[in-house]
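Place chain Y on chain V using the hints.
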Amino acid sequence: MSQTQDHPSVQQIWDWLGQVPDPEIPVISLTDLGIIRDVGWQDDTLVVTVTPTYSGCPATSIINLDIETALRGHGIEKIELKRQLSPAWTTDWLSEAGRAKLEEYGIAPPQPAGGPERCPHCGSTHVEKVSQFGSTPCKATWRCRDCLEPFDYFKCI
Amino acid sequence: MTRDEAFFEFLCRMGDNTLVLGHRVSEWCGHAPVLEEDIALANTALDLIGQTQLWLGLAGEVEGEGRDADRLAFHRDAWDFRNLLLVEMPNGDFGRTLMRQFLFDAWHTILLGRLIGSSDRRVAEIAEKASKEAAYHLERSADTVVALGDGTEESHARMQAALDYLWPYVGEMFEADAVDQAMAEEGIAPDPTGLRADYDALIGRVLAEATLTIPDSRFAHKGGRDGRMHSEHLGHLLTQMQWLQRAYPDARW
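Residue numbers (full-length UniProt numbering), protein chains in the order written: chain V, 1 to 157; chain Y, 1 to 253.
Keep in mind the hints are simulated off the structure, nothing from the lab.
Keep in mind the model is a prediction, meaning the values are calculated, not measured.
Be careful, since some hints might not be right.
[To be verified] Computed footprint of chain Y on chain V; a stretch qualifies when at least three of its residues, placed anywhere within it, have a C-beta under 8 Å from a C-beta of chain Y: (1) 52 to 64; (2) 78 to 87; (3) 131 to 142.
Each residue gets a CB set at the ideal place from its N, CA and C atoms; glycine is no exception.
Excised from the complex, chain V in its bound form (with noise of 0.2 Å):
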């Protein structure tokens, strides 16, 4: 490892990662996911860390690419794409802004209980499970008794 004066420092560039929406649920960002795992310079290569959410995520490709675009963006020319199986990604992974902005979205936030603390439209805790599987692999769905909304759940694993 090596770090020059010419490199955008570290943390620099996991701010521009928090800007890089992620392709299904744009309104969080991929740190916001918890998927980028580590970021660090190998001499002039920066080399990005990732985990998959799920094994068959079709999103997994698109993230790879819009990570390298993003960064290519930002005048980075060497990029090294990791991907790192273990330890397996897991939603305690998600940050607390990502988990707010998940529920302000519509999505109600995993919860260790195994289900949605409350309906994220009307804020209600009467909701029953419709499905274990979502629109998404990430998600199942749910709905509220109360207002009678249909809503995701970002499941936790």
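Below, chain Y alone, put in the same frame as chain V:
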């Protein structure tokens, strides 16, 4: 058989199980009884195909002849596949599909749990990732088996028929041969016969709750995981799955 040859066989068994089952489950896409189930089945298939990329990717790496996951998936014929016969069985009705999923998920979670302790770091990492997904699949397939088994007269009869039909394909999961022996000696994977007690306990609990009766027979159809004799169903499945690569070899997206 060298160590790497046995390792390659083992990885093909892992990857072919998830590939063939993933394809089978994806056949429901657009046809499931209700929208939520359609989405659930497609998501399950997606996880399985994702795991396939990891297992077959590693298989190609271990083999060292330049074959990647896609090449192994799309450029082999039936006799080179190493999946269990169970996963190539046709979907049948929704009940049979979910019963097959349950019988597979129960075994898959137990096996992946053991593989997390593999002496090969790459195997352990894939297992760590996959076991989270498999646990989620098992939760759903077990719930559905209970709901349908302990449901109406019609759903109960269909689930019992599904169990009776699929039961002879369960025993193959616990067969062991020279490949398994080599993997067990290296600490890469557990001896499959040692998984049976946990499996019987797990499915016994769920099937009892589902008011279903496990057939009183240990007869097992074999020949999938060692490739000696697949059922006639695999060839038909491959004609669909591999159609594009057969018609236009090496076509790229």
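Outcome of the hint check:
1. 52 to 64: Since 6 is at least three, the answer is holds.
2. 78 to 87: holds (count 3)
3. 131 to 142: holds (count 7)
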